[in-house]
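Enquirer: Assemble the whole structure, with the sequences as input and the hints as a guide.
Chains L and S supply the protein sequences, listed in that same order. Residue numbers for the first sequence follow this note's numbering, beginning at 1 and rising by one. Residue numbers for the second sequence follow this note's numbering, beginning at 1 and rising by one.
Incorrect hints may have been included.
With the C-beta cut set under 8 Å, the calculated list includes, among others, these residues of chain S facing chain L [unchecked claim]:
#1 Gly19
#2 Asn36
#3 Gly43
#4 Pro46
#5 Asp67
#6 Val68
I should point out that these hints are in silico values taken from the structure, not numbers from a laboratory. Cβ coordinates follow ideal geometry from the N, Cα and C atoms, glycine included.
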Amino acid sequence: MAVVFKKTKGLTDAQTHYCPGCTHGIVHRLVGEVLEELGVLDKAIGVAPVGCSVLAYKYFNCDMHEAAHGRAPAVATGIKRVRPDNFVFTYQGDGDLASIGTAEIVHAAHRGEKISTIFINNAIYGMTGGQMAPTTLVGQKATTAPNGRDEAHCGKPIKMSELLATIDGAKFVERVTVTTPANVRKAKKAIKECFKLQLEGKGFGIVEVLSTCPTNWGYTPQEALKWLEENMIPYYPLGNFRKPEEVE
Amino acid sequence: MAKAKVRGKVTFQEDICKGCGLCVSACPVNIISLDNEKINAKGYHPATIEDMDECIGCASCATMCPDVVITVERL
Ligand SMILES: Cc1ncc(C[n+]2csc(CCOP(=O)(O)OP(=O)(O)O)c2C)c(N)n1
Ligand code: SF4
Ligand code: SF4
Ligand code: SF4
Ligand SMILES: [Mg+2]
Chain L
1 MAVVFKKTKG
11 LTDAQTHYCP
21 GCTHGIVHRL
31 VGEVLEELGV
41 LDKAIGVAPV
51 GCSVLAYKYF
61 NCDMHEAAHG
71 RAPAVATGIK
81 RVRPDNFVFT
91 YQGDGDLASI
101 GTAEIVHAAH
111 RGEKISTIFI
121 NNAIYGMTGG
131 QMAPTTLVGQ
141 KATTAPNGRD
151 EAHCGKPIKM
161 SELLATIDGA
171 KFVERVTVTT
181 PANVRKAKKA
191 IKECFKLQLE
201 GKGFGIVEVL
211 STCPTNWGYT
221 PQEALKWLEE
231 NMIPYYPLGN
241 FRKPEEVE
Chain S
1 MAKAKVRGKV
11 TFQEDICKGC
21 GLCVSACPVN
31 IISLDNEKIN
41 AKGYHPATIE
51 DMDECIGCAS
61 CATMCPDVVI
71 TVERL
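Expert: This is the structure we're talking about:
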């Protein structure tokens, strides 16, 4: 009898506080698996955000640091610059990265910091109760947009991967999702490629993961995956936007 | 039954399951259900399998589980 799937050493034994069916958990597992498979658990330093994943430092089985809202890339920059031999990553939500922390992510990419970012885009401020984010879709309801996002009032949702792909210092930019087992495997592949790029000293990398927030979207976990596929993917196309070969 | 197909065995760490059902819809042979007769320590109906003989050990369930509840073996 061969074990084909068991829990990675990249995660601690702590039980997560995430809501049932929240895809934050799937992405945590993928990050843990990749850290373990690349053999960097001993030298990895993660930076946790403010948002539902604020407690990520309890879940990843490596050294972790907490950052103020949106400032994870700035904290990661400091850590990487004083400890260039460590592997440094941030894990951030869309409210964190695409709103209050837009300047930090843009300039970390622009400076070509040798850090890696996992960006959880669930089109909402999950932790604070479902307020509209810059990434909320037009027409999507939020507690601060009870009739749905109004384009005339708030503009269209921001596409961070496309934006960051215009920056020279960003050497790896890919958008993935975790709605099916096949998509989960593709997401893991992208995270691995992104992390390897840092280990090779090539520069900044980011993987945007289209994720669900069943609780604030008001759907069951399965309905939320379906809603993501039908509504988010058409606006936020999956795929790679930048690889080192194309940049050179 | 002819024994051509791969057989698998799934173990749930039942007390940490959140009853989200993502494994239920991921299973290609539809053998996973939430046990409505049972409530685990977290207060959820945990995922369970009655007909383990049908499991093909594909690990789709474990791949979708956000809480790393599932271990998969191939016989
Ligand atoms: C400086 C500051 N401003 C505002 C907040 C309130 N706040 C906490 S989490 C959050 C948004 C989190 O949303 P997101 O980053 O999308 O993460 P999610 O919970 O959706 O995973 C906000 C605005 C804060 N903690 N600190
Ligand atoms: S509020 Fe949303 S993002 Fe936060 S844990 Fe619950 S489902 Fe996940
Ligand atoms: S391993 Fe595959 S066949 Fe077996 S229970 Fe899981 S999803 Fe179903
Ligand atoms: S996916 Fe995991 S947490 Fe959700 S019901 Fe299945 S075993 Fe339980
Ligand atoms: Mg969010």
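Enquirer: Holds or violated: the hint that S/Asn36 contacts chain L, with Cβ atoms closer than 8 Å.
Expert: 15 Å, violated
Enquirer: Can S/Pro46 be said to touch chain L, with a Cβ gap under 8 Å?
Expert: Result: violated, 11 Å to nearest chain L Cβ.
Enquirer: Holds or violated: S/Gly43 as interface residue toward chain L, Cβ cutoff 8 Å?
Expert: Since chain L brings no Cβ nearer than about 10 Å to S/Gly43, farther than 8 Å, the hint is violated.
Enquirer: For the hint on S/Gly19, does the least C-beta distance to chain L fall short of 8 Å?
Expert: This interface hint holds because 6 Å falls under the 8 Å limit.
Enquirer: Go through the hint on S/Asp67 and say holds or violated, using the shortest Cβ distance to chain L against 8 Å.
Expert: Constraint on S/Asp67 satisfied, holds at 5 Å.
Enquirer: Return the status of the interface hint for S/Val68: holds when the least beta-carbon distance to chain L is below 8 Å, violated otherwise.
Expert: Constraint on S/Val68 satisfied, holds at 5 Å.
Of the numbered hints listed earlier, those contradicted by the structure are 2, 3, 4.
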